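Take the sequence shown: its letters are residues -27 to -1, 1 to 162, numbered as in mature numbering (1 follows the signal peptide of the UniProt record, and there is no 0).
In case anyone wonders, no lab produced these hints; they're calculated from the structure. Among the hints, erroneous ones may be present.
Said to hold, decoys possible - Cut-off 27 Å, straight-line C-alpha distance, at most; resulting in silico cross-link-like pairs (DSSO-like, lysine-lysine):
id, residue 1, residue 2
1, Lys78, Lys96
2, Lys96, Lys127
3, Lys127, Lys62
4, Lys111, Lys62
What the hints assert, rightly or not - The calculated label-pair distances, taken between Cβ atoms and stated as ranges, are:
id, residue 1, residue 2, range
5, Ile154, Lys96, 17 to 23 Å
6, Gly84, Asn21, 22 to 28 Å
7, Leu54, Gly126, 21 to 27 Å
Everything numeric in this text was worked out from a predicted model, so none of it was measured. The beta carbon of each residue, even a glycine, is placed where N, CA and C say it ideally should be.
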Amino acid sequence: MGKLAIQLLFLITFFLVLVSRILPATSQEVEDEADFNYDPNGEKGPANWGRIHPDWGACSNGSMQSPIDLLSERVDVVSHLGRLNRSYKPANATLRNRGHDMMLKWEGAAGSIEINGTEYLLKQCHWHSPSEHTINGKRLALEAHMVHESLDGKIAVVGIMYMIGRPDTFLSSVSIIYIYIHTYIPASV
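Produce the complete structure using the sequences and hints provided.
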């Protein structure tokens, strides 16, 4: 298996284990990015997130919350997890520019993944450019987060890091739709 494939496999496994086993909380997606940013030295940066908003207090207590620098010396390949069982299908969705990311939110059943016998339904996908997380201190060109939720409210996120190279077919199809919407559909609709 190539080095990039191993890194992507690790990243996906890391997010699934981190979110599905450690964090029982529900997702607190933010629609307005004005309250925070990812500047490590900024007043609204990650070091201050726990003080910015009362609901974000947990951000002051941990050491492995977003954004995370995935360092080679901390990586443990967990081979017994096996393949990620996924079953996605076409569904209507809405694409939104939230300022800090682009979000695609499905309106119907878009499929699911299964982790340890629990089904997690795909709710939304969003992209950060540059990547939110880093690998050995290096920020990549783009990062996707596919956000899933189980019936009992547990969250599982599949993270995908993108490097500049060959065009991604899914991203290409989304960008064509985005361009069409902003070119031919009035903003007041």
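>> Output the indices of the hints that this structure fails to meet, ascending.
In response: 4 and 6
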